[in-house]
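Based on the hints, put chain B in the right spot on chain A.
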Amino acid sequence: MTGPGGLTDQYNDATKKIAAQLHGAGSGPNGKRSTDTRALPTWLQWMLYALAAMLLLTIVQSIGGTEKLTSAPVSREMLRWALPVLLAGLGGLFAERAGVVNIGLEGMMIMGMWFGAWGALEFGPWIGLLVGIGGGALGGLIHAVATVTFSVDQIISGVAINLLAPAGTRYLSQEVWGSPSQSPRIQGIGDWDVPVLAGGSVFGWESPDVLLTIAKKEWWFISDVADFSRGLMRGTSLLALIAVALVPLCAWLLWRTRFGLRLRIAGERPQAGEAQGVNIYAYKYVAVIISGALAGLGGVVISSPELSGQFLEGNSGGRGFIGLAALIFGNWRPLGILLGALLYGYVFGLDLKDLDGTASHALLLLNSIVLTGLAGWAFTRRRVADGIFAGALAVGAFAWWQLSDTVPNWWSNILPYVVVLLVLVFFAQRLREPAALGTPYRRGGS
Amino acid sequence: MAASHAVTESADKDFSMSQTSRRAVSVVGLAIILLTILPWVTLEATSMRGLSFTTGILAACIGLACVATTITAFAFARITTALMGVALVVLAFVLVKSELDRDLFENTLPTTLWFWFATFVAGLVLLALAFMQPQDLAAPGAAMALTIIVSSLALWAFGSNPVDAFTDMVNHAASINTQVDIWNRATPLYLSAIAASIGFRMNLFNIGVEGQYLIAALVAAHVGGVLSQAPWATIPGFLRLIVVFLVAMTVGAVWAGLAGLLNVTRGVNVVISTIMLNFIAVSGLMAWGVQAWQADLREGESLAASNLGTTPIDDSSVLPHITGLFDFAGDIRENNPVSGMLLIAAIVGIGYYVLLNRTTFGFDLRSSGINPFAARAGGVPPKRMILIAMLLSGAIAGLIGLVEVFEISKFRPNQIQGLGFGGIAVALLGRNSPAGMAFAALLFGFLDISAGILQQTETASQEIVKIMQGIVLLAAVIAYEIASRVKTRDEAKATAEALAEVAV
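Sequence order for the protein chains is A and B.
To convert, note that position 206 of the first sequence is 206 in the numbering used here; the numbers rise steadily by one, no gaps.
To convert, note that position 108 of the second sequence is 108 in the numbering used here; the numbers rise steadily by one, no gaps.
Hints are computed from structural coordinates only; laboratory data are not their basis.
Built from N, CA and C at the ideal position, the CB exists for glycine as well.
Heads up, a few of these hints could be off.
[To be verified] Cβ pair distances, simulated, as ranges:
| # | chain 1 | residue 1 | chain 2 | residue 2 | range |
| --- | --- | --- | --- | --- | --- |
| 1 | B | T234 | A | G317 | 43 to 51 Å |
| 2 | A | E122 | B | A374 | 21 to 29 Å |
| 3 | A | P408 | B | N307 | 18 to 26 Å |
| 4 | B | P381 | A | G309 | 53 to 61 Å |
| 5 | B | F363 | A | P41 | 56 to 64 Å |
| 6 | A | E122 | B | F361 | 52 to 60 Å |
| 7 | A | P73 | B | K383 | 17 to 25 Å |
| 8 | A | L44 | B | K383 | 50 to 58 Å |
| 9 | A | A392 | B | A346 | 41 to 49 Å |
| 10 | B | V354 | A | T149 | 35 to 43 Å |
| 11 | B | V354 | A | G317 | 37 to 45 Å |
Only chain A is shown next, with the shape it has when bound in the complex (with noise of 0.2 Å):
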């Protein structure tokens, strides 16, 4: 593959590239230098951007006359079909970080969903959560023999990874289940009520629901903040804590050990990581494995009652696509893949639980208070031809949203796709891929 900036930026930016790589590779996960003393800490940062984007939100709710954008359901949506998204994206972060394009995410989320139902069904959930994990790292393992060991084109091999696994699981599901395409239900490793918050229990005692009492007082912004956070903590999966949980270790492994130094050298420079004497292919196939793995705990995720609660054959959907989007998105970082997931993922939750398409509708509005943003943005950075392009996306947004009442339900299916498109538009020139994606490597070359 070549870089995202097509031949001429590859050409020009050759010697910009080498200089960005050294700022780069120092960074940490968020993209925060060691030179840079901020005063907040990034938790905190992060928990006010949230803040503005919840405020954001109350306030497009209030014009556009709906509840629905920050209630519990949509917000309890969003977190489960962002989970496939994420873990997908954290899958393909391994593998890229270690210089190897993943495409193949798809079919090996597809075997995890076929493994972690079969697993399930024979000995239990959490065993079948292991299995699944073991059939989306067989899927890794398979993508890894083919490019590090063989050198063949990276996409190419993803691409037969994701022709086989569909084939491959619909096979065996009709010679396991007798039916091509499902599986028998299966049971989930159930799920969990934060005490205090949301009035979980803690060893027998009944807690109190603080969220529902303020999200019940009806004051502004604060019983919006309150209703959708309680949404992401009632009733919520195991799986989504584990996934949720691996942002951070993730970035911890990659950013802060030697095992995610070494690994992340494979993907920048592997001909320097081969003098320091770290062995680039074992990483390489560590990175696939890992990659296949965790695509398959996404598959895990899709296949439990968290989302179908059995193996439904094209429940997979394009999510391991979406989340090597969401992994472009988030610049190759962590908390960013999380944050592509979930936008992914309240986008997605919002449209089904939005049947008269109201709220849909006032996402028009926010779509073109965000493209305003934009334009702003774009023109005190002197790009005027983005400022003009971004300003005449939200004049569109908006007169469409002041000249309709609801939107068609094809433009809700297909905005998370937009949006992923329209980010790149905007942000591909600022996007940095690790230096070696894409390329063969082969032990003593140049």
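The following block gives chain B in isolation, referenced to the frame of chain A:
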């Protein structure tokens, strides 16, 4: 200078047949094929087998074309001629085979026919040897062997008998009507493969063929349907047919061109943008268009899936089928016609070959793929190349869906999907070469169509054919990689040896 000359010569000697021997073998091979066809042609022409006069003439033409091929092959000994030869051989094979079928039915197989058949195969092998080197065949052969082994294991593991399953598949494919199905499935796969390979040739991964062909077919079918009604219906049918083709190609080109445009202006990665555009096309635009352009149901039609779709295109502006070209024994079923798109696909294949290998543009395209920096230094504008490649790729992708649109005269909501990804697989298997992709498309078509017979006879789950497709693809790309590594190593060795000789 002298040293490098010696090196080239020595490498030539070691790794490829010399030009003279290549010519000789190709001439012998083609002559044998010719000899097998000519007596048959004579027989047919004298109506010994009770076939019509037209059939005899056509068969004679095939014979003459074979003569022409022999002469050109002798003159150039190039891959183009091999391609033509192979195409003719395949056509001849279909003819002989339909003959065989008929006689098998009557249980009176003349020994002469067997003789022709055997010599024909021998000619084919010789022809292959003339233009391919043994190591070229090793990789696909190994991939096929691995596929058969792995899928046999998969079948055996779940209690099916692999031998029975494969026998069923081959027997099924021996019938002329199944062959028609295979050609009709291979046609869109081949077009799809060419669309993908135009991008692959310059390291541009157009993963979006799927979305491009679906919306192109939808819009083209809709336009064709509208043009079939008043006031447009007075326009001559062939003009409307051309419009349908142009619309399909334009829509495909625009959708693919969008990804190209985003790449050259904004630096958006083509793989990601085409994937996103796929989703937008299939779950957005197609979902919208299928609803918006749903034709009114006719009197007495139920709301069954088979009745849904765009306004039907009238027969005068549907591409005619070409069953007549194949149906010598008259046993192709009437409801199973050979799509005229087969000819279009053949033209596209030849056009693709000529464009890539005989024009400056093709040279620029291939050099951009091999070394973008060198191409740029040589004055090839990279951005324009990306745009043109994507537009071309999309335009050809636009043709894929027309096979089904012309077959049923409309676009149905359950139009066959997955041809875009299948085409990528075919392109990879066929190594982006026009002839290789044709064989790969036929192989995939054969496997797709074989699913039906496995379901009927219940010797194995029909899903096994999709597994075979996946494995053959993965095995083939690995095998090609190993083969090229072995070749590079051997060449390096030969070069070193030659240099050593010169030094002494």
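Verification of the supplied hints:
Taking 43 to 51 Å as the suggested C-beta distance range, the pair T234(B) and G317(A) conforms, at roughly 46 Å. As the Cβ distance of E122(A) to A374(B) is approximately 56 Å, the hint placing it in 21 to 29 Å is violated. Range check, P408(A) to N307(B): about 24 Å between beta-carbon atoms, so the 18 to 26 Å window is met. Between P381(B) and G309(A) the CB atoms are about 54 Å apart, so this pair conforms to the stated range of 53 to 61 Å.
For the pair F363(B) and P41(A), the supplied restraint of 56 to 64 Å holds, since their beta-carbon distance comes to about 58 Å. For E122(A) paired with F361(B), a C-beta distance near 58 Å keeps the hint of 52 to 60 Å intact. Distance hint check for P73(A) and K383(B): the Cβ-Cβ separation is about 47 Å, which falls outside the suggested range of 17 to 25 Å. Look at L44(A) against K383(B): about 44 Å separates their beta carbons, and that is not inside 50 to 58 Å.
A hinted range of 41 to 49 Å holds for the C-beta pair A392(A) and A346(B), which are about 45 Å apart. Between V354(B) and T149(A) the CB atoms are about 38 Å apart, so this pair conforms to the stated range of 35 to 43 Å. Under the hint 37 to 45 Å, the C-beta atoms of V354(B) and G317(A), about 41 Å apart, fit the expected range.
In this structure, the earlier hints numbered 2, 7, 8 are contradicted, and the remaining ones agree with it.
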